[in-house]
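Protein chains: 2
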Amino acid sequence: MDSLIEYLDGKRQLVNTQLENYVTANTDEGRVRDAMLYSIEAGGKRLRPILLLATIEAFRGNPSKGLPVACALEMIHTYSLIHDDLPAMDNDDVRRGQPTNHKKFDEATAILAGDALLTLSFQIITDSNDLTNDEKVFIVRELSKASGPKGMVNGQMKDMQYENHDIPLRELEDIHRQKTGRLLNFAVLSGAYLAEADDQVMDNLTAMAGALGLIFQIQDDILDVVGDSHAIGKPIGSDEGNNKSTYPQLLGLEGAIAQKDGYVEVAQNALHESGINGTTLSELIDYLSSRDR
Amino acid sequence: MDSLIEYLDGKRQLVNTQLENYVTANTDEGRVRDAMLYSIEAGGKRLRPILLLATIEAFRGNPSKGLPVACALEMIHTYSLIHDDLPAMDNDDVRRGQPTNHKKFDEATAILAGDALLTLSFQIITDSNDLTNDEKVFIVRELSKASGPKGMVNGQMKDMQYENHDIPLRELEDIHRQKTGRLLNFAVLSGAYLAEADDQVMDNLTAMAGALGLIFQIQDDILDVVGDSHAIGKPIGSDEGNNKSTYPQLLGLEGAIAQKDGYVEVAQNALHESGINGTTLSELIDYLSSRDR
Chain A
1 MDSLIEYLDG KRQLVNTQLE NYVTANTDEG RVRDAMLYSI EAGGKRLRPI LLLATIEAFR
61 GNPSKGLPVA CALEMIHTYS LIHDDLPAMD NDDVRRGQPT NHKKFDEATA ILAGDALLTL
121 SFQIITDSND LTNDEKVFIV RELSKASGPK GMVNGQMKDM QYENHDIPLR ELEDIHRQKT
181 GRLLNFAVLS GAYLAEADDQ VMDNLTAMAG ALGLIFQIQD DILDVVGDSH AIGKPIGSDE
241 GNNKSTYPQL LGLEGAIAQK DGYVEVAQNA LHESGINGTT LSELIDYLSS RDR
Chain B
1 MDSLIEYLDG KRQLVNTQLE NYVTANTDEG RVRDAMLYSI EAGGKRLRPI LLLATIEAFR
61 GNPSKGLPVA CALEMIHTYS LIHDDLPAMD NDDVRRGQPT NHKKFDEATA ILAGDALLTL
121 SFQIITDSND LTNDEKVFIV RELSKASGPK GMVNGQMKDM QYENHDIPLR ELEDIHRQKT
181 GRLLNFAVLS GAYLAEADDQ VMDNLTAMAG ALGLIFQIQD DILDVVGDSH AIGKPIGSDE
241 GNNKSTYPQL LGLEGAIAQK DGYVEVAQNA LHESGINGTT LSELIDYLSS RDR
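As you go down the protein sequences, you meet chains A and B in turn.
Residue numbering for the first sequence follows our numbering, starting at 1 and increasing by one per position.
Residue numbering for the second sequence follows our numbering, starting at 1 and increasing by one per position.
Careful, some of the hints might be misleading.
Where chains are identical, the list cannot tell them apart; a pair therefore holds if satisfied intra-copy or between any two copies.
[Said to hold, decoys possible] DSS-like, lysine-lysine: derived pairs with alpha carbons at most 27 Å apart:
# : residue 1 : residue 2
1 : K104      : K45
2 : K103      : K150
3 : K104      : K244
4 : K244      : K103
5 : K158      : K103
6 : K45       : K103
7 : K104      : K150
In case anyone wonders, no lab produced these hints; they're calculated from the structure.
Throw the hints in and build the complete structure from the sequences for me.
In C-alpha cells, the structure reads:
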C-alpha cells in the first residue's frame, strides 16, 4: 500500500501542475480565472484522472495522451462540485476544509467559474498536440455524453428531486450510476480506448468501473457516518442534514459495508477477467473501498 | 425586405425543429429535459444560427454541414441566457414575454438545464454524420474558445463587475465584443470554414462579424429606451433598472444611432471587400440595425 500512496501522490502532483497550467494559459487575468484556480487548487483526490492514467499504464499505452483527457475530466468534476455546492442546490459552505467557491467569491462568480471550467475542458482536448483528430472526437463525444443530460447532470437533478423523499435502493443506485458512475466509467473507458484495448477487455473494464463507482459512493456515505470530519474536510452527518438517502440509512452500517464488499469482489473479478496487468488498478479498488477521506 | 423576412422565417423553423429533435433525442424524460425544451421553445430570433447558415450559402457551401453547428451554437446562446437571468446574475423574471427558466422551474433546475445545454452542444457536433472528424475538431475548439473563459463567460463576468459603475465606451465595447461578439464571430467564421473559404475572405468576414456584434448590441440598447415592450418581450428601461451602462447613456440617443450607422458602414464595406455573393448577409446587416425587437 505504501507504494500505492507514493504512486497516487506522484500522479496527483502531475495532474495538479498541468491543471494549473491549462487554466492559467487559457484565461485572462481577473475574477473568472481566480475563481477557477481557487477550486482547482483546493485539492481533492484526483481519483478520476488517476484512474484514467492507471488504466492507460495497465495497457502500457502512451501516458502523454492521457494527461489532457485526465485534466479535462477533472475540470468537469470540479465544475460539477462548484455548481452542486450553490445555495440553490446542496447549499454547502465548506468543501475540502475550505469555503466553497460561492462563499469565497459570490454566487454569480461561482456559476461562471463552473461554466468556464466545463467549456474549457472541451477546448483543451481539441487543442492538444498529443491526440489525433479521431481520438479528440471520440473523447469529446464520450465525455459530453457522460457529463450531460443523460449522465452526470441528470443524476444531480434526480438527486435533488429525491431530497426529503424516501428512496428505494434501486433508485438510489441509478442516481449514483449517473451522478458519479458515468465520469468514473469514462475514466476507464477513455484510458482503455487511448491504449487501443480490444472490445472484450472493454466490457470487463466497464463492469469494473461500474462497481468502482458504487464502492466509492458507499464509502462516501459510510464516512459521513463514522468518518473524521477533519480528514474528510466537511462536517460529519451532512447527508442527514440535507435529507439525502444513503446506504447506511437504507441498509444499516453493517449492511452498507457488506454491500460495498460485494462490489469490491465484482470489481476485482472483472479486472481479473480482463486479463490485463492490473496490479495498480487492483490496489486502487481496495484503496477506494477502505479510504478514510 | 419581404423576401428576407420569409428567408428568416424559413431558417428559424428549420433550426427550431432540429433543436427540439436534438434535445428530445439526447435526454431522458424528466425535469432536465422539460427545462431545456422550455427555453429552447421560448423562441428567439435564432440570429446566430441564421448568420451561420447564410454565410455557408454565400459560399454555396453544403448547408447540411451547417445545421448541427448552428444548433450547437444556439444551445450555447440559450444556456447563457438561462444562467444570466438567474437571481445571482441579472435577476430577470421575464424573457421573450414568458417567465424565465428559474421562474418557471426553480434555480437548481435552471442551473442544471443550462449546464446540460452547454454540454449537449459539444455532443451533437461530435455525433454528427455530416461533418468530418477534422471539421468536428475545428468546430469544438473554436466554439469552446468563443464561449469560454476568454470569450463569452469573461464578458458576462466583466458586465457584472461593472454594474453600478461608470464605464468608458472603450471598456463597454470590449465587454460586448466578448459577451456577444465572440459567438456572432464564431457563426461567420465557422460558416466560412465549413464552406472552405480562403484566408483573405475570412479576414474581411471577421471584420464584418465584429461590426455586426456591435450593431446588434447598440440596437438592443436603443430598443431598451425607445422600443415597444410588447414587441421586445421585456419591460422598457430594464437596463437603467439594472444600472447597466449603455450606448444611449454614454452617447445620447442620437449619438448611439450615429455610432451604429458607422458600424453598419464598416460591416457593409467589409462584406463588399470580401467579394462573396453576400446579398442575404448584406440584407441581414440592415435588418439587424433597424429591427424593432
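Status of each hint after checking the structure:
1. K104 - K45: Result: close within a single copy only, 21 Å intra versus 38 Å inter.
2. K103 - K150: between (30 Å within a copy, 24 Å between copies)
3. K104 - K244: For K104 and K244, both the intra-copy (25 Å) and inter-copy (25 Å) Cα distances are at most 27 Å.
4. K244 - K103: both (22 Å within a copy, 25 Å between copies)
5. K158 - K103: Classified as both: same-chain Cα gap 25 Å, cross-chain 19 Å, threshold 27 Å.
6. K45 - K103: The answer is within: 22 Å in one copy meets 27 Å, while 37 Å across copies does not.
7. K104 - K150: between (31 Å within a copy, 22 Å between copies)
No hint from the list above goes unmet by this structure.
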